[in-house]
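> Chains as they are written, first to last, in our numbering: chain A, 1 to 340; chain B, 1 to 340; chain C, 1 to 340; chain D, 1 to 340; chain E, 1 to 340; chain F, 1 to 340.
FYI, nobody ran anything at the bench for these hints, they're computed from the structure. Since this is a predicted model, take the numbers as computed values, not measurements. The reader is advised that the hints may include incorrect statements.
[Unchecked claim] The list that follows gives simulated cross-link-like pairs (lysine to any residue, SDA-like), each with its CA atoms no further than 25 Å apart:
| hint | chain 1 | residue 1 | chain 2 | residue 2 |
| --- | --- | --- | --- | --- |
| 1 | D | K170 | E | R340 |
| 2 | F | K324 | E | T174 |
| 3 | B | K170 | D | G83 |
| 4 | E | K171 | F | R340 |
| 5 | A | K228 | A | D218 |
[As the list claims (entries may be wrong)] Derived CB-CB ranges, DEER-like:
| hint | chain 1 | residue 1 | chain 2 | residue 2 | range |
| --- | --- | --- | --- | --- | --- |
| 6 | E | S322 | D | G123 | 31 to 37 Å |
| 7 | E | N18 | B | M1 | 41 to 47 Å |
| 8 | E | E84 | C | Q339 | 44 to 50 Å |
| 9 | E | G123 | F | S322 | 49 to 55 Å |
| 10 | B | L143 | D | E142 | 20 to 26 Å |
| 11 | D | E84 | B | G47 | 37 to 43 Å |
| 12 | F | R219 | A | R78 | 22 to 28 Å |
| 13 | C | Q339 | A | P175 | 39 to 45 Å |
Here a beta-carbon is modelled for each residue, glycine too, at the ideal position from N, C-alpha and C.
6 protein chains.
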Amino acid sequence: MSKVVTYGEIMLRLSPENYLRFLQCDRYEASFGGAEANVAVSLSNFGVECHFVSKLPEHEIGQAALNALRRYGVKTDRIVRGGERVGIYFCEKGASQRPGKVIYDRAYSAVSQAAPDEYDWNGIFKDADWFHFTGITPALSELTAQTCLDAVRKAKEAGVTVSCDLNFRKKLWTPEKAGKIMGEICRYVDYCIANEEDAKDVFGIEADGSDIYGGKLDRNGYESVAEKLALRFGFKGVAITLRESRSASDNNWSGMLYTGKKAYFSRKYPVHIVDRVGGGDSFGAGLIYALLSDYDPQSAVEFAVASSCLKHSIEGDFNLVSLKEVANLASGDFSGRVQR
Amino acid sequence: MSKVVTYGEIMLRLSPENYLRFLQCDRYEASFGGAEANVAVSLSNFGVECHFVSKLPEHEIGQAALNALRRYGVKTDRIVRGGERVGIYFCEKGASQRPGKVIYDRAYSAVSQAAPDEYDWNGIFKDADWFHFTGITPALSELTAQTCLDAVRKAKEAGVTVSCDLNFRKKLWTPEKAGKIMGEICRYVDYCIANEEDAKDVFGIEADGSDIYGGKLDRNGYESVAEKLALRFGFKGVAITLRESRSASDNNWSGMLYTGKKAYFSRKYPVHIVDRVGGGDSFGAGLIYALLSDYDPQSAVEFAVASSCLKHSIEGDFNLVSLKEVANLASGDFSGRVQR
Amino acid sequence: MSKVVTYGEIMLRLSPENYLRFLQCDRYEASFGGAEANVAVSLSNFGVECHFVSKLPEHEIGQAALNALRRYGVKTDRIVRGGERVGIYFCEKGASQRPGKVIYDRAYSAVSQAAPDEYDWNGIFKDADWFHFTGITPALSELTAQTCLDAVRKAKEAGVTVSCDLNFRKKLWTPEKAGKIMGEICRYVDYCIANEEDAKDVFGIEADGSDIYGGKLDRNGYESVAEKLALRFGFKGVAITLRESRSASDNNWSGMLYTGKKAYFSRKYPVHIVDRVGGGDSFGAGLIYALLSDYDPQSAVEFAVASSCLKHSIEGDFNLVSLKEVANLASGDFSGRVQR
Amino acid sequence: MSKVVTYGEIMLRLSPENYLRFLQCDRYEASFGGAEANVAVSLSNFGVECHFVSKLPEHEIGQAALNALRRYGVKTDRIVRGGERVGIYFCEKGASQRPGKVIYDRAYSAVSQAAPDEYDWNGIFKDADWFHFTGITPALSELTAQTCLDAVRKAKEAGVTVSCDLNFRKKLWTPEKAGKIMGEICRYVDYCIANEEDAKDVFGIEADGSDIYGGKLDRNGYESVAEKLALRFGFKGVAITLRESRSASDNNWSGMLYTGKKAYFSRKYPVHIVDRVGGGDSFGAGLIYALLSDYDPQSAVEFAVASSCLKHSIEGDFNLVSLKEVANLASGDFSGRVQR
Amino acid sequence: MSKVVTYGEIMLRLSPENYLRFLQCDRYEASFGGAEANVAVSLSNFGVECHFVSKLPEHEIGQAALNALRRYGVKTDRIVRGGERVGIYFCEKGASQRPGKVIYDRAYSAVSQAAPDEYDWNGIFKDADWFHFTGITPALSELTAQTCLDAVRKAKEAGVTVSCDLNFRKKLWTPEKAGKIMGEICRYVDYCIANEEDAKDVFGIEADGSDIYGGKLDRNGYESVAEKLALRFGFKGVAITLRESRSASDNNWSGMLYTGKKAYFSRKYPVHIVDRVGGGDSFGAGLIYALLSDYDPQSAVEFAVASSCLKHSIEGDFNLVSLKEVANLASGDFSGRVQR
Amino acid sequence: MSKVVTYGEIMLRLSPENYLRFLQCDRYEASFGGAEANVAVSLSNFGVECHFVSKLPEHEIGQAALNALRRYGVKTDRIVRGGERVGIYFCEKGASQRPGKVIYDRAYSAVSQAAPDEYDWNGIFKDADWFHFTGITPALSELTAQTCLDAVRKAKEAGVTVSCDLNFRKKLWTPEKAGKIMGEICRYVDYCIANEEDAKDVFGIEADGSDIYGGKLDRNGYESVAEKLALRFGFKGVAITLRESRSASDNNWSGMLYTGKKAYFSRKYPVHIVDRVGGGDSFGAGLIYALLSDYDPQSAVEFAVASSCLKHSIEGDFNLVSLKEVANLASGDFSGRVQR
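The task is simple: from the sequences and hints, build the whole structure.
Shown next, in the form of structure tokens:
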């Protein structure tokens with residue numbers, strides 16, 4: 001069994017029930033999520049031994065975050081305990097023409113205030129096969145940026161494959177700062193994952209011919225973006241998720257994997273959305289699983305996209321699907337017929 | 001800041017959760033709503049000072065109705081307290097081919113039993129810019145019909161612009177009675193709002209070439225209806241909401257504003273419905289806001305339709321959207337992408 | 001008023017709320033359902049006197065099952081009390097590309113362990129017009145298979161019309177065993193109901209030219225299946241439900257009634273699904289009602305399909321619609337407009 | 001098996017969840033209840049054939065009320081259908097020093113507007129053993145007062161035993177009016193039930209030495225009240241419930257049965273309250289059951305008090321306890337130990 | 001009508017449902033509260049015009065906090081908008097021997113980061129009669145400490161009566177720091193409110209003879225504490241709430257008002273707790289109301305204690321009781337009998 | 001850190017919300033529990049490495065049971081996967097004089113059908129310090145009885161301390177059968193735990209002078225029972241939980257530990273019950289923790305009783321309390337004051 005390590009923040013997610021707005025609700029659905037935690041849970045569901053590295057306060061809210069991971073089999077013994085707060089995000093679902101809305105309240109979280117030397121990367125990477133994180137983590141603070149750099153260096157030393165989802169968040173840092181820090185980190189990265197906006201926001205690399213907000217995507221454009229990324233940083237692979245937003249309720253979802261030689265595009269799924277948060281993360285997890293399992297590129301991107309297609313039908317950040325369910329969809333059964 | 005006054009009934013709305021039918025539920029979602037209250041809340045959300053005139057019992061159910069308005073910034077000091085009951089309506093959501101269903105239990109409500117002289121219209125209209133009500137209010141009782149007539153006369157004396165949404169309800173009165181009373185009231189009205197059936201039901205004015213139940217709409221037909229209405233009553237403007245019901249889950253939604261010279265048609269939105277009750281009211285509120293803000297006719301109808309398009313994605317009667325959200329949609333961002 | 005008898009199992013149905021998965025939920029919606037109980041409730045809602053025959057434990061879970069039937073007017077005095085357990089099924093809703101999932105926990109239920117002589121079929125069929133059951137019941141155990149055979153024989157003796165929905169469940173028995181037992185039972189059946197897979201699974205009769213999983217249906221193929229079924233067993237009529245699964249959220253739904261002379265196909269409805277479980281049962285109930293009411297074949301299949309189309313918009317197994325609602329849809333009002 | 005008839009109103013009961021106040025809640029628990037309906041349900045739970053006579057609208061809220069009775073086995077075929085509304089009552093739970101609160105919205109309900117000749121008392125009382133109603137019913141309207149009088153006369157003619165719970169409601173009528181009408185009706189009553197205030201409020205008969213609000217009860221006083229009542233109206237028996245309100249959360253509960261010869265006092269239960277509404281009705285049902293079953297007076301009052309003691313631990317108006325549970329408590333097992 | 005001003009923080013309160021622990025819940029009840037906001041709501045419920053001064057972010061969580069106040073009639077136009085976050089507190093109910101638990105996540109809230117000059121105290125205190133705050137507010141930050149000092153000085157200049165609840169929170173500051181800052185502020189305070197621990201924690205003034213944790217209170221001891229406080233700061237009055245914790249479910253609750261001449265002790269209430277958070281604040285509000293209404297000292301303390309006794313029976317921070325309800329309890333009706 | 005192993009069944013627990021009865025609810029709270037699983041969770045919460053041995057089906061309900069353990073840190077890698085069903089129990093809360101009620105539906109569960117050789121006891125007991133199970137497990141089937149015997153023998157061989165809670169369940173087996181099998185098993189047991197009825201039901205050993213249903217306990221009697229048990233089986237210690245049921249809402253709770261020399265009685269706690277299921281298991285867990293930590297007998301029984309006292313305030317089977325919380329109560333802080 002492979003061993004994967006992810007590092008990042010896990011937040012308390014507070015969502016009004018159903019389609020209620022923040023201004024209406026007097027009750028929040030409480031769950032936990034965060035880009036790298038989501039990847040860890042998804043991989044655990046696929047049977048991979050997955051360790052999540054982070055810092056969480058000792059109080060019950062911190063413990064609840066840890067328990068949420070443990071419940072789905074993620075290994076939590078590398079989570080440092082201490083600090084003051086668990087980051088929070090408020091998440092309101094969109095519907096039809098009304099966009100979803102996320103309000104972050106994550107500043108000063110324990111993980112963002114943790115000193116780089118609180119993590120024992122040598123121990124963490126022992127026997128590990130893969131290390132994954134996203135561009136959100138270095139954006140949290142100077143401390144996490146430094147920790148990310150430490151981690152990728154140690155990973156490389158330990159012969160661990162490294163993947164990074166660019167995941168640009170404009171509320172956390174500027175494109176300039178992101179470009180500088182991510183540029184440095186990406187030198188240690190093997191596989192780069194991005195959505196249709198990240199490459200431009202972080203590195204100024206544009207998808208020629210695409211109109212993100214109009215929802216039209218051009219395959220050649222994306223291939224050229226991936227090529228440029230791979231050239232600049234020497235990535236072994238670049239994967240891009242392709243979302244066409246027809247409305248907050250209906251999207252088209254597909255993906256691409258560029259291997260340095262060729263771009264492999266997946267099937268495109270019209271998804272009727274239950275919850276799209278974590279869609280990109282579930283793509284990442286699917287891709288890591290497929291690559292760890294030596295899938296060929298076309299199969300890998302199909303697996304990753306099928307996995308993340310299913311995520312859109314699941315409440316919360318975590319992609320609670322089994323290997324068998326993903327394989328079934330990837331193999332072409334789209335009918336959604338009841339399994340008895 | 002403008003000051004708007006609306007007059008009408010606010011009811012307790014009892015809805016089974018999600019898509020449960022009345023015969024299944026053992027719990028009701030409780031909220032408050034009513035045509036003119038909905039307009040008041042929507043305008044308050046846009047930053048307009050809005051006063052709601054009505055009568056509510058002194059007991060806690062009456063107080064809860066008042067609090068529901070106050071919560072969203074509506075001014076409630078012109079609500080007379082007394083009487084026996086708060087009107088109630090039971091509201092079951094439709095889905096797919098199953099229509100939504102409304103059961104009214106509003107007879108004998110406090111506002112329907114209030115004497116015309118319980119309202120101080122001179123005081124109410126002091127410094128007011130606009131007065132709005134709908135055809136539901138005069139339909140409640142002889143007393144409210146008389147009060148409406150008092151109100152529009154006083155409004156005219158005070159130089160207040162008057163708008164009326166015809167809002168015909170066949171359970172409340174006959175077309176004959178509606179035609180007679182509304183005919184008298186409409187002489188004091190500046191802006192008339194209607195849906196695709198009202199003009200015919202109340203005044204026998206038909207939209208030639210339309211097939212309401214088949215969901216096909218003819219632009220020329222609606223323009224001619226508006227023209228006839230304007231001619232008969234001297235309206236400065238006539239606005240019509242255009243709903244194409246493809247099913248209880250999916251409608252097309254657009255609108256028209258006729259200014260005496262020309263009919264301005266809005267963009268048409270395909271809406272996946274969360275809750276369509278109050279759709280017409282949110283159109284009215286959007287229109288009043290746009291006209292108070294001196295929008296040109298095309299922008300006004302686009303704003304009104306964008307506003308009411310969003311209402312279809314929101315639970316309850318009230319249109320809880322901000323100016324910025326409406327402006328964003330009206331400006332052409334239909335993608336429903338998550339706002340972080 | 002007609003008197004109908006149905007015999008089978010009623011189970012406790014446990015469903016996670018909304019679109020939650022089994023692995024997420026800490027609460028289950030609890031309702032009751034089962035193929036023949038669903039038919040009984042649907043017929044009771046149409047005003048037919050309907051008796052449900054089964055066995056239920058004396059404890060509160062058994063009583064709650066009985067009460068669920070009684071609530072909707074089903075006669076329960078022919079339910080034998082005793083035995084250990086109420087069968088349970090766990091039901092997770094699908095969405096978009098994610099299929100719904102059913103986990104059965106029905107082994108050893110009271111009805112499956114009841115001896116054939118616990119039921120007084122002579123008394124039960126007194127004054128009865130119709131007897132209905134499905135292929136699930138004889139699949140439960142040797143005892144229920146024998147009881148079914150007893151029942152159809154007694155029904156025939158009493159001059160009661162018999163209908164059977166093939167309803168093959170591969171978790172309960174093999175095609176071979178089903179073919180053998182159902183083959184014997186069907187000799188006493190007047191009307192046979194099936195979905196697109198049953199005829200093949202139970203009797204090896206195939207719908208030529210159809211691709212069930214791809215969702216393409218061929219009218220001629222189904223007609224030939226019905227013809228073959230009618231020929232083999234001498235059925236007076238064969239009805240087939242036709243489901244095209246576009247996804248777990250959206251299906252097309254229609255049906256066919258073959259009368260020995262001709263195949264009558266209904267209108268096809270695109271349904272946006274709230275809950276599709278019990279869809280076939282509501283078709284059966286609609287058909288029985290129509291046949292008891294001497295509808296012509298085209299009207300009968302339209303009524304049955306309209307009835308079951310509406311079921312897809314209703315939570316739970318039971319089809320809680322009135323005669324008037326079905327008639328309204330069957331007559332062609334698809335708009336789903338709010339009924340006030 | 002005995003056959004009992006009760007006549008009165010069944011209302012929709014809307015209660016905030018848990019201990020929320022009306023001003024806080026955005027959701028109501030919806031159930032149904034009413035004095036005579038509560039008695040009917042309780043008797044049905046004891047295995048008695050019980051018919052409820054009333055009038056309910058044809059719409060779904062009326063149907064839901066009927067279904068609520070049917071669910072627990074009450075016979076509903078004597079319920080006339082028609083009229084406009086189902087009476088409603090809002091019910092807020094008290095706690096500790098904060099009293100519970102009930103807001104009635106029952107005026108103009110279907111049953112209160114039904115003409116006396118809508119009920120076929122001759123048919124209703126065929127084979128009946130007992131007729132029960134409470135002082136609430138004649139208080140609803142002139143029509144129901146007349147209907148009550150009709151009913152008790154017909155009951156007497158048919159040899160049916162009649163019981164009446166005085167149940168004075170000051171919001172419905174004055175003591176004067178109650179005294180006059182109830183005085184007339186009581187001439188046909190065999191068994192009279194009252195609480196500690198009713199006799200005084202309706203007939204000016206006081207329980208000497210008691211201090212209702214202070215919660216002190218004097219056995220001799222109650223005996224003398226019962227004696228006076230029996231003397232004035234010739235009752236065969238007078239039963240009185242004795243509530244000592246220590247707080248909204250904790251009461252002492254006991255009862256007395258006076259048979260013309262002697263007063264039999266029950267054991268006194270200290271109850272920690274879940275829901276006390278319907279406590280008196282469950283006492284009435286217990287008493288009727290015991291008298292129909294020829295219990296001796298002491299056993300009868302113990303059974304009635306045990307039954308109603310248990311009601312205080314059950315949510316909603318209906319006393320959902322079995323004969324066995326009441327018998328167990330009445331026999332002296334107060335420990336509340338888990339039954340496995 | 002009097003005008004009262006309070007200044008402080010309003011937080012989002014997140015509570016598991018019922019008695020669930022933080023580690024169990026996947027849903028939070030969301031409400032808003034904070035010492036001074038609680039006082040404002042309580043006074044508004046008594047009909048007093050009450051203005052709450054604070055700072056809240058412009059996003060929807062900030063708006064929801066403001067709406068929660070507006071709903072209950074508190075004037076919110078003096079709330080400055082801006083800053084990043086709304087303070088949060090997690091609140092788990094205790095039961096029996098298990099203590100309730102509060103986890104604060106309030107650091108860096110908008111109000112704690114607001115500059116003193118963001119508030120226009122001259123405008124705020126125009127026509128005001130009373131200013132109230134608690135020791136929590138100056139403990140939030142240097143900025144709020146300074147703002148408090150500004151406020152009390154301006155209040156004194158404007159002839160506004162000032163009250164302060166010591167409300168020591170050891171997680172926010174040390175006794176030393178509290179003593180220093182509160183010592184300075186208290187020079188401008190007219191009425192001081194404290195619980196059984198505050199005087200000692202803040203000023204080292206002990207209640208001789210009391211054993212807080214053992215729950216034994218000595219009246220003379222409290223009188224001497226009040227006397228010392230009054231002497232040191234020249235308070236016009238000192239009020240102390242007296243809580244005897246028998247368990248997390250049951251407390252005894254009473255209070256004392258010392259006027260410089262004499263200590264007036266209230267009746268003592270045994271309370272069965274629904275939610276005790278905000279108990280002290282509701283005492284403060286009751287006291288302010290009574291003093292503004294010129295109650296004599298005994299009546300004032302009885303009113304304040306009755307008000308806060310009722311708070312213990314109400315969910316959330318806010319004391320949603322009416323004047324009439326408090327008066328009724330204060331007048332001696334403890335029975336908790338249902339009000340119909 | 002110690003390593004503890006427990007073996008038994010974990011069931012799906014379905015409970016109506018709050019105080020609803022089975023006959024009312026349309027929703028169940030779903031959690032998991034079972035005597036030995038409860039002990040495992042409790043010990044994990046105290047920081048002990050605890051392994052649960054059982055068998056669970058591979059489907060999602062089985063997985064959910066496993067996840068429930070994993071969430072709280074229990075090691076689940078010794079759970080065999082396979083079989084058909086997860087045992088279920090329905091659990092209705094009692095209140096006041098109404099007893100709680102449990103309906104078991106656990107027959108044919110996977111663990112009860114597992115062959116003894118499916119468990120690798122040698123591997124399981126490697127490095128283990130303690131093995132715990134209860135009398136429920138051998139009562140499930142012949143197979144589990146044999147497995148228990150295998151387990152205790154292997155435990156003894158491996159030098160592992162063995163504890164057993166007699167936990168007699170009359171629905172599972174007769175006293176005769178229990179006496180025979182438990183008599184054999186107990187020869188390998190070091191510490192025996194029982195409640196006030198078990199010793200009599202299983203071994204016919206009576207607590208002289210106690211009246212279980214009347215709730216009166218005699219210390220000498222219990223001491224003599226413990227002495228007899230210890231003599232017959234050579235137990236190192238016998239612990240007895242002492243419950244006095246005043247009602248379903250209020251119990252007194254204490255315990256005794258007999259060490260062969262002396263009986264140590266704990267403090268007695270009056271508990272206001274939230275959920276008493278699992279109370280005995282939490283006592284067992286507390287006792288094991290204390291003995292593993294070498295507490296003296298008085299401290300051990302105080303810790304065990306404090307731990308289980310707290311359990312009564314927690315929803316569900318699992319005792320979700322920390323070491324610190326138990327220690328705090330055991331040290332004498334009963335006030336239940338809010339921890340901020």
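> I'd like to know which numbered hints this structure contradicts. Please list them from smallest to largest.
6, 12, 13
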